[in-house]
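Based on the hints, put chain G in the right spot on chain Y.
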Amino acid sequence: MGNRCAVIGVGQTEYRTKRADVSMAGLVREAALRALEDAGLTFADIDSVVLGKAPDMFEGVATPELYLADALGAAGKPMMRVHTAGSVGGSTALVGASQVQAGVHERVLVVAFEKQSESNATWALSTHSPFSASLVVGAGGYFAPYIRAYIRRSGAPGNIGMMVAVKDRINALRNPYAHLKIPNIDLAMVEESMMLWDPIRYLETCPSSDGAVAMVLASERAAEAAHAATGRPPAWVHGAAMRSEPMGMSGRDSVDPRAGRDCAADVYRQAGVTEPRRQFAAAEVYVPFSWYEPMWLENLGFAEKGAGWKLTEAGATAFEGDIPWNPSGGVLSSNPIGASGMIRFAEAAQQVRGQAGEHQVAAAVDGARLALGHAYGGGSQFFAMWAVGAKKP
Amino acid sequence: MRDVAVVAFAQSAHSFSDLGWTEADLVMPLVNEVLGATGLKRSEIGFTCSGSNDYLVGTPFSFVAALDTIGAWPPIAESHVEQDAAWALYEAWVRIQHGDIDTALVYGFGKGTVGDHVGISSLGYDPYYLAPLVPGHVAMAGLQARALKDAGFDVDPDPTPPPATDGAAAVILAAGDVARRVCSRPAWIRGLDHRIEPHGIGARDLTRSASAALAAERAGVATGPVEFAELHTRFEHEEVLLRQSLGLDEKTVVNASGGPRKADPIMATGLIRIGEAASRIHDGSAARVLAHATAGPCLQHNLVCVLEADSISPEGKR
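Those sequence lines, one after another, are chains Y and G.
Read in the working numbering, the first sequence has 161 at position 140, and its numbers run on one by one without any break.
Read in the working numbering, the second sequence has 100 at position 68, and its numbers run on one by one without any break.
Because the hints were derived from the structure by calculation, they are not lab data.
Being a predicted model, the structure only gives us computed values, none of them experimental.
Heads up, the beta-carbon is just placed ideally off N, CA and C, and yes, glycines get one too.
Warning: the hint list may mix true and false statements.
A few chain Y residues that don't get close to chain G, going by computed Cβ distances all over 10 Å [unchecked claim]: (1) Gly61; (2) Asp77; (3) Pro166; (4) Met215; (5) Glu241; (6) Gly327; (7) Ala337.
Covered by chain Y, per the in silico footprint, the following chain G stretches (three or more residues, Cβ under 8 Å) [to be verified]: (8) 88-99; (9) 105-119; (10) 158-166; (11) 225-235; (12) 275-286.
One chain only, chain Y, in its complex shape:
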């Protein structure tokens, strides 16, 4: 893991269908300035900038770090651009953290964004490449068969996905940045919504959002200085890992991917986690379609294989449950794709910093328990995760 690393500043934009009031540069700068303000710093204090987002076709801007260097105060500094599909927000945080853990930099600004209103993600995901046929299905059509396989394997009741959709949308009501806010949401409303990709209904899928998130990551010395200056505690990185596996390998289990299990095992080993459900106070997990909550509950070791849905059904993952999943409302409530993974990482950090506001999980602030940030992407093949805590590792 190298040197200690901590989150000392978090900034998010409001997530909306269309942020017509800002350019792409304005959007990322809004998040960056809020993160710097939280850390009590300015751009001048930053050593390095790491930018992440999903495919460039989502906005129609290639290699946007070149254009965004000015807005992110990167001139004269190193700047990286990470792209690891849907997991990119998480990967971007880890690439930034790596620079601190390596002892290369003291303070790194990591930023992730998507301005989906500039283009059309389902079109961008469905273009016909010169070498392979396009299915023209977007992400929902791609993942629906995996979900059906999960339901068949686990014997889960058909309403579990709808329960997740209701839970995460109720959580979003406590999050000022959340995109979707549906105050009177209930199971009946979800069930009545249109079936998009069987078994995924309209209200069981994530929105398309404009938005950006930024974090300031710092060395131990810089984190202690920021804590003293702002009074806001850092979130210490206890474990961090990435794992990838091939999309097209026969025999791989795309419902319960080994890369996800291995990635979690690596993070848990670093953080000393042997009982995730007990040792984490909260988890922010990439759930773009409702059924991915029970699927990831199993993949991440919070439940035995085939039993993830029972935690959801029993309310264990609700805000008042023993292990709240996505107290922010999650990807189901806000989805600027390239930023969605980093939002998970940032929300996990805010929980252990005690800075999550109305969706603060009380058990996360005493320092005894950790919070998990998780992202996945591609054909359920790219994973990035971290475990953060209020105490130094």
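Here is chain G on its own, set in the frame of chain Y:
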């Protein structure tokens, strides 16, 4: 900092026409070649990082297909930059500094022959004010060439681009004793730094490269003579500018490999500079070399890597 070296390098037989090879076809033989050269098994690689650009072939996630070929099973610790793979090498070098892993595989690939370069390069510029004008990389380079000409440099103010190229490259990095075990003459990375400048060329002095100069300073270029330099010069006028900004004198041989003018597989071109420079150490023909990679209009973003042989003695100098 841990001592980390380039211990193996391979590149494709670059092509100026589309031979029908996919990115995966380009990458896989090179991965096998660098693994074979070091005797390392796939399972011994601690971290993998690649660089590519989705727009070259007009499809999202072009790096996913390449991952299918490198044997990512059991699952590997892996990441990707949408930048030249020289920046993937930087990320891998940083990762090795943590101390828990000793090796990394880096690769980059580009199918330049199937896309419209003026259109694609323009999409990499400010999307509101510059990209709609579709200036393209050649016209932007022309502005810099003209600025240099007007400032008294002996350059052609009407630059021509290198031919579109398909190709790929792969490098293995190794630390300390592992590097010595798998390579008879490791090319030690003694300095590695990169810096970006404002995007708007009106905010820059185009007759110098402030970011290349700063990266060179941070990488310690001036602490010794540079025998060979591999520079990411896609246009002829960039050599004189970079020689000046990097502090290279007339004794430094630039682009002995032929350089990007002879083979420019976008997103691998910068990594090839590092590989070619390292090869001068590997074959014993040099003791201290420099590699440079760039991105963006008019050399906006510059990376500098200083590589050295195990021991630099006066006898070792050419």
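Do the hints match the structure? See the list:
1. Gly61: holds (25 Å)
2. Asp77: Answer for Y/Asp77: violated, closest chain G Cβ roughly 6 Å.
3. Pro166: The assertion about Y/Pro166 holds, with a minimum of 18 Å to chain G.
4. Met215: holds (26 Å)
5. Glu241: holds (15 Å)
6. Gly327: holds (22 Å)
7. Ala337: holds (28 Å)
8. 88-99: n = 10 at 8 Å, threshold three: holds.
9. 105-119: holds (count 12)
10. 158-166: Per the Cβ count (4), the hint holds.
11. 225-235: holds (count 9)
12. 275-286: The restraint on the region 275-286 of chain G is violated, since only 0 of its residues have a Cβ under 8 Å from chain Y and three are required.
Hint violations for this structure: numbers 2 and 12, all remaining hints satisfied.
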